[in-house]
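Residue-level listing of the chains:
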Amino acid sequence: MPTDAMTTTHYVAPLAETPLVAVDRVDESAKTRSTWTDAWESLRGRWMFWVSAVLIVLILLVAVVPVLFTHTSPDLGCDLSHSNGDPMAGHPLGFTRQGCDVYARVIYGTRASLTVGLLATVIFALLGVIIGALAGYYGGWLDAVVSRIGDIFFSVPSVLGAIVLMSVLPFRNAVTVAVVLAIFSWPQAARIMRGAVVLAKNSDYVLSAKALGVTRFRILLRHVVPNSIAPVIVLATVSLGSFIVAEATLSFLGIGLPPAVMSWGNDISQAQSSIRTAPMSLFYPALALSVTVLAFLMLGDVVRDALDPKARASR
Amino acid sequence: MSAATTQQPVDESLLFTDAELAPGEPLLSIEDLRVSFRTREGLFEAVRGVSFDVKQGETVAIVGESGSGKSTTATAVIDLLAGTGLVTGGTARMLGVDLTKLTAKQMQSVRGRIIGYVPQDPMSNLNPVWSIGFQVEEAIKANSPKLNRSEVKARAIEVLKEAGLGDADRRMKQYPHQFSGGMRQRVLIGIGLSSRPRLLIADEPTSALDVTVQRVILDHLQTLTRDYGTSVLLITHDLGLAAERAEKLVVMYRGQVVEAGPSQEILADPQHPYTQRLVAAAPSLASRRIQSQKSPSHVDTSITVAPGADTVAVDQIEQATERREAQAGAASELITFENVTKVYKIRQGGFASIDLKAVDDISFSIAKGTTTALVGESGSGKSTASKLLLNLEPVTSGTITVDGQDVSKLRGKELLRFRRRVQPVFQDPYGSLNPMHNIESIIAEPLLTHGIGTGRERAHAVRELLEQVALPQSTASRYPNELSGGQRQRVAVARALALKPEIIVLDEAVSALDVLVQGQILNLLTDLQAELGLTYLFVTHDLAVVRLVADNVCVMEKGRLVETGTTDTIFDAPRQEYTRRLLDAIPGAGFEFGA
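Chains as they are written, first to last, in this note's numbering: chain A, 1 to 315; chain B, 1001 to 1595.
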């Protein structure tokens, strides 16, 4: 770069060094990028995403086809003579108090824990998205009523509420546990959705759609919801872990899944009585629980970064 | 320059204290400055070897479009680069010290004390939770730690008074939201100059303000800096404003300086092709309405009878006559506003509310095929008036008719038909396109909504519309975030045209664009008007643009219509004081622009 810009009064750069480009030209060579492909690009480059993804796929596989991982039956052939026994050939993690194989129980317990977690998350996200979107979009009395109802549910600690409700339910299974957990936590998702919807509904593209004659409900579906759903997706991925924990908590307290159902929570609950003599039969289901929750939390973290470019930039 | 002795100053408080300028030595000398940003694809060089000087007491303006590196250059000097930016080469020498080599701590003592900074956006640069007084005092304390509390307070009041805030004592206790944009900018200027820096960097200090306020603020800034002998580095996108306020211009383009020199000389005789483009595109008062290069596709006023085409010729004569009548505007008022008033209820807590008359009893009409500009400052009600025409808000009283139909009475099918005839293009090219949809589905949405055509026909229509707004076909599969502001605005225009409307409401449609892009869009709009016989309502605060596109002008002030007339009469012989003030405030009005 010549320094005569300082000395000469009127400096003109040589055209060869500063070539002109067409005003506002479209770069046709660039790859197409939607918000979702952008998010995928961001996910792909992070090791945390791959670690959590591999773990989750593995956990899902265990839940769907436990037979692949063990040939030992978790409940038949339990031998009381092995009660709280140490690991031995074919039984790498030892035995429970009932003399059942710990490894097999952890493997077979995955399904119940994961079912409750996934189901609760889906109900939680659906309720939150629908209720939050309607309240935020239509506003007025609907918003007022829905928000106050949400506040009432919100004011009850979800585990406490679930304990009360579960203890009066005539039957208990994975569905009832999931529904009860979702019932006491949807206001969180609804609030976040509502905020995002209020933001999106005041945008110019909504105004443009209105001026095109697009009906109100269609604007909600086509323009508002897709633009405000990202934070709920993030919240849902993070919540999945806490629902699994909540199921374990309820089962531990004896009011989650019935004792006959194999789940980590039940196993932890049953192992507690012999925690001093055989801590390992409590440790392994707890470890499985922690690893699962960790995997989903990690996924939630990277998904948040991917969907919120601002958080990504400040990293 | 005795560089060796002052290269590595140890004690930052000693920095610059005994620095005196040698005669003829520039205050700030930037040499071959390079700034890069770290991106996913690697280093991106935003400033590529920039050199220029700022002399003592001189005002230098860096002019360029967005992305030219003008702000990056200035912020690199005081180490306020955003995000991942870093200086990768060159020097910025001031009073014998290379600013790019200073430690963060040393730079802290330079900022405010030696170099003042006035940021762009007065709305977000004052902290809303602290009072104005607190924020001014904070700045003073930071730069002169020896003052005691009452001295700081006295100095803060002084600073606000200097900045042109009359009742500074009372103002000290107020919060930013109680200040108008202009007043906030005064506070920021006051803070920037509070410790009498040698150099003031003003980054687009008035681009968020109305032109009349802009003029007053810049006049004040000029007086202050002249009195204190402060040099000013002004960053702006507005060539007219730069020429009016600075002795020297530095024109930047894609990270490089393309031309630098005395303002008048550059404007009168631009040498570099880019500067020539920029000067040609600057909407100054000397401009006239853009005439379309294209002739209307169906309607033509000049009749050429091709041999052996009699039947066509008769048709042409008829159409030409129609067009002439339309242009005369005698009986073809397409849009009329009659005593239109819009009142908003502003809730005051509890059940109390006060009325705000956003639009107050306005009446005017627009002839078919013409452009009417609705101008005024922010808060004048011009945007509200356009929303009323679009039927996005109900009128409180009065009537708006389009082609004889009362807009407010339309329901169901009729309303849908009305929507097809009247389409908007909004200001913010970043907000008006749904980021989740690709361009094809954005442009096809109006067709889908009104059930026009099959999927294949719609795809074909999208391609035609893209062609009409001069965008390549490949744009169809892209998403809004991949396009520039001007390109997005083209997409918005294409979407508006999809339903073949008669009226397009342009609400500040080019205000957010760089001047060259703005010129492109205005040309496009003019061409489309000539081709399709469109009627435009052009809402804008920018009078310079009005002259380029409008046939008629309506001037609004505080909800009322103060003056209407043809563009020429308004510009050449304004009758109202308010209109004259608006016209006088256009930056660069008095300048000779070279071609």
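By construction, these hints were calculated from the structure, which means they are not laboratory data.
Don't take each hint at face value.
Pairs of lysine-lysine, DSSO-like flavour, derived with a Cα cap of 30 Å [said to hold, decoys possible]:
1. LYS201/A / LYS1500/B
2. LYS1101/B / LYS210/A
3. LYS210/A / LYS1146/B
Derived Cβ-Cβ restraints for the label pairs, each shown as a range [unchecked claim]:
4. GLU1414/B / VAL64/A: 54 to 64 Å
5. PHE217/A / SER1397/B: 26 to 36 Å
6. VAL21/A / ASP1406/B: 49 to 59 Å
7. ARG1040/B / ILE275/A: 43 to 53 Å
8. PRO231/A / ARG1417/B: 56 to 66 Å
Cβ coordinates follow ideal geometry from the N, Cα and C atoms, glycine included.
Is 43 to 53 Å right for how far apart the beta carbons of ARG1040/B and ILE275/A are? Given range 43 to 53 Å: holds, Cβ gap about 50 Å.
Given the range 49 to 59 Å, decide if the beta-carbon distance of VAL21/A to ASP1406/B lies inside it. 50 Å, holds
Cβ distance range 26 to 36 Å for PHE217/A and SER1397/B, holds or violated: For SER1397/B against PHE217/A, whose Cβ atoms are near 31 Å apart, the range 26 to 36 Å holds.
Beta-carbon spacing of GLU1414/B to VAL64/A - inside the hinted bounds 54 to 64 Å or not: 57 Å, holds
Run the distance test for LYS210/A versus LYS1146/B: straight-line Cα separation, threshold 30 Å. The given pair, whose Cα atoms are some 60 Å apart, is violated under the 30 Å limit.
Straight-line alpha-carbon gap LYS201/A to LYS1500/B, limit 30 Å: OK: LYS201/A and LYS1500/B at ~26 Å, within 30 Å.
Taking 30 Å as the top limit, are the C-alpha atoms of LYS1101/B and LYS210/A close enough? 55 Å, violated
Consistency of beta-carbon spacing, ARG1417/B to PRO231/A, with hint 56 to 66 Å: 39 Å, violated
Hint check: violations occur at hints 2, 3 and 8; the rest are consistent with the structure.
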